[in-house]
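**Q** So the sequences go chain by chain: A and B.
FYI, the working numbering numbers position 7 of the first sequence as 7, with every residue one higher than the one before it.
FYI, the working numbering numbers position 199 of the second sequence as 199, with every residue one higher than the one before it.
From chain A, some residues computed to sit far from chain B (all C-beta separations above 12 Å):
{"#": "1", "residue": "S71"}
{"#": "2", "residue": "K119"}
{"#": "3", "residue": "N161"}
{"#": "4", "residue": "K191"}
{"#": "5", "residue": "S205"}
{"#": "6", "residue": "N221"}
{"#": "7", "residue": "P385"}
Some, not all, of what chain B presents toward chain A, calculated at C-beta under 7 Å:
{"#": "8", "residue": "L82"}
{"#": "9", "residue": "G92"}
{"#": "10", "residue": "A101"}
{"#": "11", "residue": "E105"}
{"#": "12", "residue": "K106"}
The calculated lysine-lysine pairs, modelled on DSBU-like cross-linking and capped at a C-alpha distance of 35 Å, are:
{"#": "13", "chain 1": "A", "residue 1": "K392", "chain 2": "B", "residue 2": "K134"}
{"#": "14", "chain 1": "B", "residue 1": "K18", "chain 2": "A", "residue 2": "K363"}
{"#": "15", "chain 1": "A", "residue 1": "K392", "chain 2": "B", "residue 2": "K123"}
{"#": "16", "chain 1": "B", "residue 1": "K108", "chain 2": "A", "residue 2": "K367"}
{"#": "17", "chain 1": "B", "residue 1": "K192", "chain 2": "A", "residue 2": "K363"}
{"#": "18", "chain 1": "A", "residue 1": "K397", "chain 2": "B", "residue 2": "K123"}
{"#": "19", "chain 1": "A", "residue 1": "K397", "chain 2": "B", "residue 2": "K118"}
{"#": "20", "chain 1": "A", "residue 1": "K367", "chain 2": "B", "residue 2": "K3"}
{"#": "21", "chain 1": "B", "residue 1": "K165", "chain 2": "A", "residue 2": "K363"}
{"#": "22", "chain 1": "A", "residue 1": "K398", "chain 2": "B", "residue 2": "K123"}
{"#": "23", "chain 1": "B", "residue 1": "K151", "chain 2": "A", "residue 2": "K363"}
{"#": "24", "chain 1": "A", "residue 1": "K41", "chain 2": "A", "residue 2": "K327"}
{"#": "25", "chain 1": "A", "residue 1": "K363", "chain 2": "B", "residue 2": "K78"}
{"#": "26", "chain 1": "A", "residue 1": "K381", "chain 2": "B", "residue 2": "K123"}
{"#": "27", "chain 1": "A", "residue 1": "K398", "chain 2": "B", "residue 2": "K151"}
{"#": "28", "chain 1": "A", "residue 1": "K397", "chain 2": "B", "residue 2": "K151"}
{"#": "29", "chain 1": "A", "residue 1": "K367", "chain 2": "B", "residue 2": "K18"}
{"#": "30", "chain 1": "A", "residue 1": "K363", "chain 2": "B", "residue 2": "K190"}
{"#": "31", "chain 1": "B", "residue 1": "K118", "chain 2": "A", "residue 2": "K392"}
{"#": "32", "chain 1": "B", "residue 1": "K108", "chain 2": "A", "residue 2": "K392"}
{"#": "33", "chain 1": "A", "residue 1": "K381", "chain 2": "B", "residue 2": "K151"}
{"#": "34", "chain 1": "A", "residue 1": "K363", "chain 2": "B", "residue 2": "K8"}
{"#": "35", "chain 1": "A", "residue 1": "K392", "chain 2": "A", "residue 2": "K159"}
{"#": "36", "chain 1": "B", "residue 1": "K118", "chain 2": "A", "residue 2": "K134"}
{"#": "37", "chain 1": "A", "residue 1": "K363", "chain 2": "B", "residue 2": "K108"}
{"#": "38", "chain 1": "B", "residue 1": "K123", "chain 2": "A", "residue 2": "K367"}
{"#": "39", "chain 1": "A", "residue 1": "K397", "chain 2": "B", "residue 2": "K108"}
{"#": "40", "chain 1": "B", "residue 1": "K192", "chain 2": "A", "residue 2": "K367"}
Rather than coming from a laboratory, the hints here were simulated on the basis of the structure.
Positions of the beta carbon are idealized from the N, C-alpha and C atoms, including for glycine.
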Amino acid sequence: MGLLEKIEQYTNRGTDKVSNKTAYSKFIDLGFPSVKNEEWKYTSLKKIISNNFEIENQGEEITDQEIKNNSLDLDNKVVFLNGELYQKPTISGVKIEKNIDLSPKYNDAITALNAALAKNGYNITVSENTIVDKPLEILFLTKNKSENLAQYRNEIIVKKNSSIKIIEQVKNLNNNLCFSNMFTNINLEEKAIIEFNKLQNNNESQIIVDNTNINQETGSNSTFNTLLFGGLFTRNNLNFSQNGERCESNMNGVVILDNSEFADNHTYMDHLKANCESNELYKGIYLGKSKGVFNGKIMVRPDAQKINAFQANNNLLLSDDSSINSKPQLEIYADDVKCSHGCTIGQLDEDAIFYMNTRGISKEDAKAILTYAFASDALNKISIPYLYDVAKDLISKKLNVDLSF
Amino acid sequence: MLKIENLKAGVDGVEILKGINLSVNSGEVHAIMGPNGSGKSTLSSVIAGDETFEVSSGSVLFDDEDLLDLDPDQRAHKGVFLSFQYPVEIPGISVSNFIKAAITEKRKVLGLDPMPAKDLLGKMREKMDLLNMKPGYLSRNMNEGFSGGEKKRNEIFQMAMLEPKLAILDETDSGLDIDALKVVANGVNKLKKSNNATIVITHYQRLLDYIVPDYVHVLHNGRIIKSGGKELAHKLEEKGYDWITKLADEKWGS
Chain A
1 MGLLEKIEQY
11 TNRGTDKVSN
21 KTAYSKFIDL
31 GFPSVKNEEW
41 KYTSLKKIIS
51 NNFEIENQGE
61 EITDQEIKNN
71 SLDLDNKVVF
81 LNGELYQKPT
91 ISGVKIEKNI
101 DLSPKYNDAI
111 TALNAALAKN
121 GYNITVSENT
131 IVDKPLEILF
141 LTKNKSENLA
151 QYRNEIIVKK
161 NSSIKIIEQV
171 KNLNNNLCFS
181 NMFTNINLEE
191 KAIIEFNKLQ
201 NNNESQIIVD
211 NTNINQETGS
221 NSTFNTLLFG
231 GLFTRNNLNF
241 SQNGERCESN
251 MNGVVILDNS
261 EFADNHTYMD
271 HLKANCESNE
281 LYKGIYLGKS
291 KGVFNGKIMV
301 RPDAQKINAF
311 QANNNLLLSD
321 DSSINSKPQL
331 EIYADDVKCS
341 HGCTIGQLDE
351 DAIFYMNTRG
361 ISKEDAKAIL
371 TYAFASDALN
381 KISIPYLYDV
391 AKDLISKKLN
401 VDLSF
Chain B
1 MLKIENLKAG
11 VDGVEILKGI
21 NLSVNSGEVH
31 AIMGPNGSGK
41 STLSSVIAGD
51 ETFEVSSGSV
61 LFDDEDLLDL
71 DPDQRAHKGV
81 FLSFQYPVEI
91 PGISVSNFIK
101 AAITEKRKVL
111 GLDPMPAKDL
121 LGKMREKMDL
131 LNMKPGYLSR
141 NMNEGFSGGE
151 KKRNEIFQMA
161 MLEPKLAILD
171 ETDSGLDIDA
181 LKVVANGVNK
191 LKKSNNATIV
201 ITHYQRLLDY
211 IVPDYVHVLH
221 NGRIIKSGGK
231 ELAHKLEEKG
241 YDWITKLADE
251 KWGS
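Just chain A, with the same shape it has in the complex (with noise of 0.2 Å):
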């Protein structure tokens, strides 16, 4: 049976299946979004949503040991267990509860899904003026019985003059598929300042439908750090909104993919008001028959003059059975802005292994010292020292080189 059978079936359960009736009336009138939808014509959900998914959890014991495995094992963590909060940390001035106000937010059929039927996730709030010294981990672990959706829906609050940086992964634990429809809302109030990184370094039973929105007051300040290092299925949709003048807003990622893996990486960047900046830059390596796709769109709107809008993306593809497709979007209805776009896609530079090859290093340590330096510049944006070299850490695995500098 289909996931839509799978959740139909769900539904008819019970009225209390659905905790928002318009949101599921609108998945069901859009259904999941095919290739012939603009936004998702080089990413086929079909395959995916052919699978057999539960949607009640069945969730198998997941050990502290697990838990510890499975993270970065930093002081603060919340850490969700098949869909329950397990543990979560005190800090001062940051208040973490349960995600009980389901806020009807959505913007098509995936979300729609997620406000419909999602039970969990978590709420955020930092107080105004408090600034968070240790980064926060959040973790949502899944270990079940059988293929199932998992469905969490996320609300961050960081209060006047306040800042908190957060690791987050999604990860399942065995080898049954597990598909993750996360939504997550931020709000920046002013001069509020996050930095949100997302280390997604999956086996190939993880399949991540992401849906963020930083929605961002006056001069507040945002970093997202995507580094997708694996995974069958990701896509990641970034959505920012500048509601206020003097914003920055922040995309870096780092997506290595081999095998079969497949990532999209959405981004929205949305300026509507004037003197603000934005900085994306996005970094592809392929190699296997792995693919990728990366959509940046930004929409520089009439009041949002003198904004500064600035989106990269280079890939490299290191097989010839791998693929990237690549769609820079700009679009702009004010005068007085500075805006640039550039989408590279190329091999290794050969001169380059050569140089390298006269000076002792080998043919294979070359390319990856190559490889893991052209992901360098967004790489290095990660302000967290443990967490950049947990990062490059994995790329030496990834790339099964020694990167011992």
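Please arrange chain B on chain A, whose structure you already have, making use of the hints.
**A** What follows is chain B alone, placed relative to chain A:
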């Protein structure tokens, strides 16, 4: 140390080197001079192992082992170093990390542990002083945005760090002003030992005022057409190449 015999090589079926013979012993400095297009850079590329060039015959014996059987990185591990005419920019890798990677690989091949960071840094400082290099230089990306002179200095810096047995300097003087030239030449001279050798490839006599060769060879049309002592370089500076290339063309055809 190095014995090249009847080396013929070319690219896309066009023969560029038409039978090179050359012997270099430890402690010697050889200069290879010649007009543009004579095959100077091809020779250095073939010795270093650039696969762009196909070797059709001959051998390049280095300590009795034919370099032509080895990959470029293996040649480097044996002690061959090429200072590039056009060093390659490598964005994203700092000079210090690049050199660390090179030294670590060589030591690994030799069965040695990586050099302790403190020792490595100390050595880098010492060699930088030798070449009058500014401290911030180590953290710059490899050759990225370097001026022509900085790139050449960086080549000699790598040479100083890697301590090769045989260094081939391909047009190291091009892009250097006279002060930089003196510094680089001084660096090369200080690195000279009784157990290493240097081949200086140059178009002009200028560099040879500072790195004084024991032997000078004239390369023309893929062949060494004349060899002599350092006085040959002066003669070339004075009279140009025509007087010998004409003789050679009469012998082999132009």
